[in-house]
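Q: Turn these sequences into a full structure, and let the hints guide you.
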Amino acid sequence: MKITRRNFLTYSGIAGTTGLITVSGLVNSPLNFVSLAYGEEHGFTFAYISDSHLIVKPGYAREHRFTRALKKAVADVNTISPAPDFVLYGGDLAQLGLKEELDLGRGILADLKPKLHMMVGEHDWYYDLGDKWQELFGKPWYSFDHKGVHFVVLNSVVVEDYWSAGNMSQMERMLFMAQLDNPKGKPFTVGKGYLGNTQVEWLKKDLAKVAKNTPVLVFSHSPLYKYYKSWNFWTDDAGDIQKILAPFKNVTVLHGHTHQVLLNRIKNITFYGMLSTAWPWPYAPQGLPELTRQMDRSDPFNQFDACGTGKIMFGSKGGADKIYDLWDREPMMVAFKDVVAGKVPSQPEAQHSGPSY
Amino acid sequence: MGKIFGKIILTGTGLLGLVVFLYAGANTVRYIGATPCTEKPPVEEGVKVLKVCDGKTKVIVGVDGLKPGEMMPRETAEVVAKLIWDKYHEMTESSVQPQKEIVIAHGKEEHTKRDMMIWDTELKKVIDEGYKWFHSPEIGTSGISCDMCHPDASNTHPETYPKFQTQLKKVALLRDMINWCIENPLEGKRLNEDDPKMKALEAYMISSRKSKVLSPGKH
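Taken in sequence, the protein lines are chains X and V. Counting from 1, one number per residue, gives the positions in the first sequence under our numbering. Counting from 1, one number per residue, gives the positions in the second sequence under our numbering.
Simulated from the structure, these hints should not be mistaken for lab results. We put the beta carbon where it would ideally sit given N, CA and C, even for glycine. Hints should not be assumed to be uniformly reliable.
Stated by the list, open to error - Have a look at the derived ranges for each label pair, beta carbon to beta carbon: (1) Leu173(V) <-> Lys147(X): 48 to 58 Å; (2) Gly138(X) <-> Asn184(V): 32 to 42 Å; (3) Gly196(X) <-> His89(V): 52 to 62 Å; (4) Gln294(X) <-> Gly217(V): 20 to 30 Å; (5) Lys210(V) <-> Pro289(X): 25 to 35 Å; (6) Lys189(V) <-> Glu100(X): 20 to 30 Å; (7) Gln294(X) <-> Pro36(V): 53 to 63 Å; (8) Glu100(X) <-> Asn184(V): 17 to 27 Å; (9) Asp161(X) <-> Lys210(V): 27 to 37 Å; (10) Asn268(X) <-> Lys56(V): 31 to 41 Å; (11) Asp176(V) <-> Gln294(X): 20 to 30 Å; (12) Asp161(X) <-> Lys40(V): 39 to 49 Å; (13) Lys210(V) <-> Ala165(X): 27 to 37 Å; (14) Glu183(V) <-> Lys204(X): 47 to 57 Å.
A: As structure tokens, this is what we get:
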């Protein structure tokens, strides 16, 4: 990719006034980030990798394309300089929740240089209801504090029990859940599924200890709002969780599952979607948040197109800017100050083939 | 069993255009007509009137030659039941189907609901077969299935083919792209163009875009 004067200026914030900025060729450069949030330097940066959907099949001897993609993501994140403070894994490490898939994923993620925080997705969970995942990665919901920001990791893929009545096998249960367009699919929840309300009670207690002016960042696999129910781009009790988060001045939600550039703002909460390393989903036919500028339709002939990783850069006052590090495309930046102002990010100039249809 | 003489005599116009007499043994079974359910049936001396009503329309059949209190012979009752049933169906089908929607094709023959049901069922079988393969990794080897990138067949846009597929550097039909996906992400063997799986996949994808405007060449 060529670094042009225009892109350089845009990136460094001198020429850039729009919310979504192309950062050609500079994604992993050691430049000091100029904050687009408050005109101040960023406090710190963390990176994410998400939705790798690793497949391990008996009799399939080659290295799978999704395995290659996760390895590429790990290598990319390891070259970010200065190194991010930590890396979040956004869920759906495995495709069918199999031990072999999760083991493979853990082995690849072990090569990450920064500290890793894990989150679970439905593809990791519904083969054995999280047994193997928890054995490898620990609790599916937890919190931690980092440089003045309170981080919460949720298991937002809890659904009602659809397997016991039909006496489903483990694989039947997994395949039922793995089909995004399953017409019988069950909506994700945090606190209304087969695990009951325990997690929501925990969340309330956890946040009770946090000062209301502390920036809060919530990681959820599903979007913590209602986008498109038929594909489970949805959390059924999102309203309840948003209420719990309402007293906090500055809340950011970073979610996986949707495999696309997504931006939403509801009251005090900014929602960013994460990219997948495996494949991009088309945009849903309804419910797209108004603030989202759809990313360009992906090129099916390029495995890595419209996939990638990303970064969140925290401003010193708690606003979170987002960079989509799209592989084989110009990166996209969403500035927190524009999100707050309700500005729809502008289309990067290099886009031409239009959104999905 | 008594022989039933089924004979239709056209005698003029009745309520629905025809008056039908059927001779069943000693009795004459006669279609009298249809009225709204709220209307009382006509009373005729020496005629037993039988009716069926669905809440809207009443079908009336008369039986001549029955004495008061006399049990209707079995063969007469069968003729009555069949006549009422046939007339009721004739009528509801013609009233449910407005004239303009009657399907007349291939030899000026009007197609019945039953015909159309059979067509729909046969079509659904092929579409369902396509849905199955679209959601199955079994047409490939990599564990990937079509629906993983194309939930509800989205972004398959069959209405845009044929088009010049820039990556292939030639004009492609939907089936060419299906085969490209089978050979690449799915790592399977390409299907023959007349393979029943190919036909079924096309049927599913095209049916998912019902009513879209054909836009061959669209990118």
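Q: Hint by hint, say whether it matches the structure.
A: Do the hints match the structure? See the list:
Look at Leu173(V) against Lys147(X): about 56 Å separates their beta carbons, and that is inside 48 to 58 Å. The beta-carbon spacing between Gly138(X) and Asn184(V), approximately 37 Å, falls within the hinted interval of 32 to 42 Å. Taken as a hint, the range 52 to 62 Å holds for the pair Gly196(X) and His89(V), whose Cβ atoms sit roughly 54 Å apart. Restraint check, Gln294(X) to Gly217(V): a C-beta distance of roughly 22 Å satisfies the suggested window 20 to 30 Å.
Checked against the hint of 25 to 35 Å, the pair Lys210(V) and Pro289(X) passes, with Cβ atoms roughly 28 Å apart. Hint check: Lys189(V) to Glu100(X), Cβ distance near 25 Å, so the stated range 20 to 30 Å holds. A hinted range of 53 to 63 Å for the beta carbons of Gln294(X) and Pro36(V) is consistent with their spacing of about 56 Å. The hinted range of 17 to 27 Å is satisfied by Glu100(X) and Asn184(V), whose Cβ atoms lie roughly 24 Å apart.
The hinted range of 27 to 37 Å is satisfied by Asp161(X) and Lys210(V), whose Cβ atoms lie roughly 35 Å apart. Checked against the hint of 31 to 41 Å, the pair Asn268(X) and Lys56(V) fails, with Cβ atoms roughly 58 Å apart. For Asp176(V) and Gln294(X), the hinted distance range of 20 to 30 Å is satisfied, since their beta carbons lie about 26 Å from each other. Our hint of 39 to 49 Å for Asp161(X) and Lys40(V) is violated, since their Cβ atoms are close to 58 Å apart.
A beta carbon spacing of about 34 Å between Lys210(V) and Ala165(X) agrees with the range 27 to 37 Å that was offered as a hint. Between Glu183(V) and Lys204(X) the C-beta distance comes to about 52 Å, which sits within the given range of 47 to 57 Å.
The structure fails hints 10, 12 (numbered hints given earlier, in ascending order).
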